[in-house]
Amino acid sequence: MSIVDPTSRAGIAIANSGAAGTTPRRSRAAIWKSALLDRASLIIPCVMLVALLLVYASLRDGVFTLDELNLDTAAAMTLLLAATGQTIVLLRGGIDLSIGGMISLGTVLAATRFGTDPGQAAAWAFGIVAIGGLVGALNGILITVLRLQPFLVTLATWSILSGAAMIILPTDGGALPSGWTMFGVSSWLGLSSSVWLLALLLVFWFWFKRTRLGIAIRATGSNERSAFLSGVSPIGINIATYGLSGIFAALAALYLTTQTGAGSPTIGKDYILPSVAAAVIGGISLFGGRGGLVGTMIGAFILTLIGNLVFVLEVSSYWQPIVSGIILLIAVLASSIAEKSARRSLS
Amino acid sequence: MTELLNATAITKRYGGITALSRADFSARAGEVHALLGENGAGKSTFIQILAGAVRPDGGTVTLAGSPYRPRNPQEAQQSGISPVFQELSLVPDLTVEENIWFRREPLSAIRTVRARAMREATLELFARHKFPPIRPDQELRRLTLAERQVIEIAKALSRDPQVLILDEATSALGPQETEWLLGLAKGLAEAGRLVIYISHRLGEVRQIADRITVFRNGATVAAYDTHAVDDETIITDMLGRRMDRLYPERKSTASQTVALGLRGFGVDHRLADIDLDLREGEVLGIAGMQGHGQRELFQALFGIGGSRGTVEVWGKPKTIRGPRQALTGRDGLALVPEDRRNHGLLLSKSVRENLTLSVIQRFTRFGITDPKRESALVDEMIATLKIKTGTPEQLAGTLSGGNQQKVIFGKMLLTEARILLLYDPTRGIDVGTKGEIFQLMRDLAAKGYAILFYSSDLAELVHVADRVAVLRNGRLAAILEGEDNSERQILRAALIETRAA
Amino acid sequence: MNIRRHRAILLAYLGMIVLLLLTSVVAPGFLSATHLRSTVVLAAFIGIVALGQTFVIIGGGIDLSVPWVLNSAAVLMTLLANSQDAPLLWIVPVLLAAGALVGMVNGFGVAIFGVPPIIMTLAVNVILQGGILVYTGGAPTSTAPQAIQFLAVGRIGGFPVVLILWIALAAIATFLLSKTAFGRHLYAVGTSATVAEFSGVPALRTTVLAYTLSGFTAALAGMLLTGYTAQAYLGMGDPYLFTSIAAVAIGGASILGGSGHYIGTIAGALVLTILTGLLPALNLSSGALLIVYGAVILVTVSLASEALSGLSAFLPRFGRSRGPSA
Chain A
1 MSIVDPTSRA GIAIANSGAA GTTPRRSRAA IWKSALLDRA SLIIPCVMLV ALLLVYASLR
61 DGVFTLDELN LDTAAAMTLL LAATGQTIVL LRGGIDLSIG GMISLGTVLA ATRFGTDPGQ
121 AAAWAFGIVA IGGLVGALNG ILITVLRLQP FLVTLATWSI LSGAAMIILP TDGGALPSGW
181 TMFGVSSWLG LSSSVWLLAL LLVFWFWFKR TRLGIAIRAT GSNERSAFLS GVSPIGINIA
241 TYGLSGIFAA LAALYLTTQT GAGSPTIGKD YILPSVAAAV IGGISLFGGR GGLVGTMIGA
301 FILTLIGNLV FVLEVSSYWQ PIVSGIILLI AVLASSIAEK SARRSLS
Chain B
348 MTELLNATAI TKRYGGITAL SRADFSARAG EVHALLGENG AGKSTFIQIL AGAVRPDGGT
408 VTLAGSPYRP RNPQEAQQSG ISPVFQELSL VPDLTVEENI WFRREPLSAI RTVRARAMRE
468 ATLELFARHK FPPIRPDQEL RRLTLAERQV IEIAKALSRD PQVLILDEAT SALGPQETEW
528 LLGLAKGLAE AGRLVIYISH RLGEVRQIAD RITVFRNGAT VAAYDTHAVD DETIITDMLG
588 RRMDRLYPER KSTASQTVAL GLRGFGVDHR LADIDLDLRE GEVLGIAGMQ GHGQRELFQA
648 LFGIGGSRGT VEVWGKPKTI RGPRQALTGR DGLALVPEDR RNHGLLLSKS VRENLTLSVI
708 QRFTRFGITD PKRESALVDE MIATLKIKTG TPEQLAGTLS GGNQQKVIFG KMLLTEARIL
768 LLYDPTRGID VGTKGEIFQL MRDLAAKGYA ILFYSSDLAE LVHVADRVAV LRNGRLAAIL
828 EGEDNSERQI LRAALIETRA A
Chain C
849 MNIRRHRAIL LAYLGMIVLL LLTSVVAPGF LSATHLRSTV VLAAFIGIVA LGQTFVIIGG
909 GIDLSVPWVL NSAAVLMTLL ANSQDAPLLW IVPVLLAAGA LVGMVNGFGV AIFGVPPIIM
969 TLAVNVILQG GILVYTGGAP TSTAPQAIQF LAVGRIGGFP VVLILWIALA AIATFLLSKT
1029 AFGRHLYAVG TSATVAEFSG VPALRTTVLA YTLSGFTAAL AGMLLTGYTA QAYLGMGDPY
1089 LFTSIAAVAI GGASILGGSG HYIGTIAGAL VLTILTGLLP ALNLSSGALL IVYGAVILVT
1149 VSLASEALSG LSAFLPRFGR SRGPSA
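From first to last, the protein sequence lines stand for chains A, B and C.
Under the numbering used here, the first residue of the first sequence carries the number 1, and numbering increases by one thereafter.
Under the numbering used here, the first residue of the second sequence carries the number 348, and numbering increases by one thereafter.
Under the numbering used here, the first residue of the third sequence carries the number 849, and numbering increases by one thereafter.
Derived from the structure by calculation, the hints contain no laboratory data.
Be careful, since some hints might not be right.
Computed footprint of chain C on chain B; a stretch qualifies when at least three of its residues, placed anywhere within it, have a C-beta under 8 Å from a C-beta of chain C [stated by the list, open to error]: (1) 613-621; (2) 671-683.
Over the 12 Å line for every Cβ pair with chain B, so calculated as not near, a few chain A residues [unchecked claim]: (3) Leu36; (4) Ala51; (5) Asp67; (6) Ala125; (7) Val145; (8) Gln149; (9) Trp180; (10) Leu189; (11) Ser317.
So the derived label-pair ranges between C-beta atoms look like this [said to hold, decoys possible]: (12) B:Ile457 to A:Thr112: 37 to 47 Å; (13) C:Gly962 to A:Ser58: 47 to 57 Å; (14) C:Gly962 to A:Leu134: 43 to 53 Å; (15) B:Asp577 to C:Arg1053: 53 to 63 Å; (16) C:Ser1026 to B:Ala462: 55 to 65 Å; (17) B:Ala462 to A:Phe64: 29 to 39 Å; (18) A:Ser187 to B:Ser455: 29 to 39 Å; (19) C:Ile1012 to B:Lys794: 55 to 65 Å.
Nothing here was measured: the structure is a model prediction, and the numbers come from that model.
Even glycine gets a Cβ: it sits at the ideal position worked out from N, Cα and C.
With these hints in hand, go ahead and build the complete structure from the sequences.
Structure, rendered in structure tokens:
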């Protein structure tokens, strides 16, 4: 006794040889439009950066020179490094507020422990990076084991790290060996050390995103449950993600000291939200799974350029946060509109 | 054929609930073995044990003669058992091939993924099992639900498993993909593998299963060869009682009054020129291949996504731009959505809160809620629909699929809307509850409700709907009724160019 | 009304009592009537800011703009009033409305344009900050009028006015959350905005209302706080971001939304205040204070959530049994 009419298979046979069963076709224009909207999250920040550069160039000569590139990259590098770690965390679908504390702690440790002996300085530099990684790993462990939201856990560890920084060096100060700060202004083949660092970062990213870990981080941010069902270790992925963020925060701290030559227990605070903003402007989705470092870099440059513009326009520097906030909103709104249109034209 | 998988006296308890109570299961290599049972009978738990996600409290499992005790899903996979669950393990932002080879991507010397090797492996897999055409470089979020289910199957097959477990794998598939999957299962069996097939669709089971095991209340109540048993016996064994019929008696209850009239209704390029009349007292079925406009039709009628054309509700034109404009009491439309867990229910809230979610104003005065009136509404609906829940405060997420669906029905019935849009309401629901829902639909129709009903199961449409409107490529291909309302005719209309309805 | 739902809130109050007991051991002078009174008054400020934050968080969002809504209201009030009492009659309502308006903008951005709450409120915060700094040129402002100072530190019949205000607001908040349709809608939207939409819940209106309320309470807190410190200063709102969110979290609300209650937030505000009051007595440096603060947040929020069951993550077996499902 069968419920299905076996002769219905004839219909299926016809279908298998034909085109039926696929979704309706779209026009070429629609395909182009959707391809464009797809990449909107990267196109929008590019357009913004170009626009800003043009405005900047109209107010100042010599904007599109090597010198300017060197200077701007050096100015943006600390934020860039911090934002790299934040990008990895955002791709995982989390957020890391503790980088504020780590950056402060990093500068403070460098300023008080480097001394004058290059060997000691090098050892401590590695040590700071190691601390960043360990603290990050701890963040990851706490998030997994305590089943708390990353926002809350990293809020707490931010407080703890800031406190530690304040105990070690209560006020801005300390000193760094001249060789170290020289690195901050050195150059090779006409490009400043920061530009070379930028290149290194890009190489790292193009490698990392093709590793299993890179793919796993993006996957876990995209759909955590699916990722865990597929064998991703919940605690492993969090340790890796937040550990990397901690490492980059430590690197940001180290770079910052090459520029400032001093330590500060409160400086890190100024990098937390801008690191998120740079990523978001660059197209990273706060939900996880979408976006890349190139976008974040563009976002970091946009934020830095706004600071330059405010300076050149000789208006109160207080205009910088206003413009940054507006740019952030525009970027997000544009992205959101693009995504809605893209979704609508999806079959 | 040698015995491949043997489970004896498997027991599993969750707190006070016994999910499995000394269940037995024995299957051979080279066969398709169906596992049947109502929801709550223990099938899912048993499968999770085989898949290594859960450990049994008692009993033994042997695989090819040796004890089988995986400590986690990865060990189970390595032993050659690949499950395909209803809940997909796919990641929307990765591509199709990235999903298939996730965590097992071929690596280069510097630990990056070898894209070309991955592509070749994907294409080879697709060719070997004659997969429906899907591009490997597409982002998964682009695929329809059916296509995603197909990729989930690809993911399991990519491990070349000894045992493939398909848990309700066809519930998300259209007729074409279903046929492909059934062929695939038979092919695997012929190649000497074991396919364990869980489904509520007896038709499919008959088509491919060699043997059947039936679970009820956590224990094995029967095991037989498919050709040696009839559907009556199977259903009786599943339910523990005779069920008169799966499909209710169908009496014509349609009046001449048009409840919902569509003229030139369309949704961008996916749906066009729909002229349709849904009458009072009628159950109108919607059929068609996956992705041919059904979902757009239902969602647009409920106000989700834009639409063009005219809509008349009970004779009066109505613009519906959102669910709030659809749910306007007696003259409104109510939708029971496809995705009950993500669109229909607040899983972490109580049955009561879910039931009354759409009608808070019914027990609110001056903005203040009245718990007593709310309880009255809740108790009444639980009783009417026979929703199995300990108390109304029980969390909706803990109910079985069938009862969850009943809660969503109750929620919509409380809105008093007399036009119901039911999108695949019996997907993944056990036979017993399915029958109750079909009966409910006919009872409501008899009371004057107008029901628009989509199902991916053609048999349901044929037996429950008065008429069936078939969509093809976003347009109305045919409206079938009476003798023309048959699975064969529906398929013809859905697939081939025919004369207009 | 089952125990599980209220477990988090009960734990918060338990924690508060434990803290009080600890205090009595470590610093006996703390439990005097005067000190308790000032503690509660200080907690009131956090509690008022956290009132709006509670609504926003329950609704599934977060409000990072409270620091500068607070600060803007404070600065604008002192500048406009110029230490006079009379102008307050129009200044206070106008500024409260302005705060509500900023909240509404936040709400629209989140609900209509789909901007993630973190970004929307962050941008608004930063824009307000820049705006006030440009307006004042970074200079400190004049003193607060006497009337406001009375509101902040004065007493009626022995009860601090601020406390009376807090209790009134708490009653309203509790009522809104527990007994109104708005409250039900808010919990639904916070649990799943999609399901709420599919169910005909006025998600837009609910979200906008929650943020509007948050802007209102931040502005109110800003003006009251100015009365307390007798002067508005730049940066006075910054500590209230951390503390408002922490108070809500300690009070048992899920930061993702859909659960929690203002009653819990009250306990959270009290816990935070007792802690900040206690620690200086232990002669800790500001650095050590920060460390303890962070540790306390971790401990209290872990207890409020289902924390330790996460230890199963260390086991090789995947996940925890959820029980038989559909």
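Structure-based check of each hint:
| no. | hint | result |
| --- | --- | --- |
| 1 | 613-621 | violated (count 0) |
| 2 | 671-683 | holds (count 4) |
| 3 | Leu36 | holds, 15 Å |
| 4 | Ala51 | holds, 29 Å |
| 5 | Asp67 | holds, 35 Å |
| 6 | Ala125 | holds, 26 Å |
| 7 | Val145 | holds, 18 Å |
| 8 | Gln149 | holds, 15 Å |
| 9 | Trp180 | holds, 31 Å |
| 10 | Leu189 | holds, 26 Å |
| 11 | Ser317 | holds, 39 Å |
| 12 | B:Ile457 to A:Thr112: 37 to 47 Å | holds, 38 Å |
| 13 | C:Gly962 to A:Ser58: 47 to 57 Å | violated, 34 Å |
| 14 | C:Gly962 to A:Leu134: 43 to 53 Å | violated, 38 Å |
| 15 | B:Asp577 to C:Arg1053: 53 to 63 Å | holds, 57 Å |
| 16 | C:Ser1026 to B:Ala462: 55 to 65 Å | holds, 56 Å |
| 17 | B:Ala462 to A:Phe64: 29 to 39 Å | holds, 35 Å |
| 18 | A:Ser187 to B:Ser455: 29 to 39 Å | holds, 34 Å |
| 19 | C:Ile1012 to B:Lys794: 55 to 65 Å | holds, 56 Å |
Of the numbered hints listed earlier, those contradicted by the structure are 1, 13 and 14.
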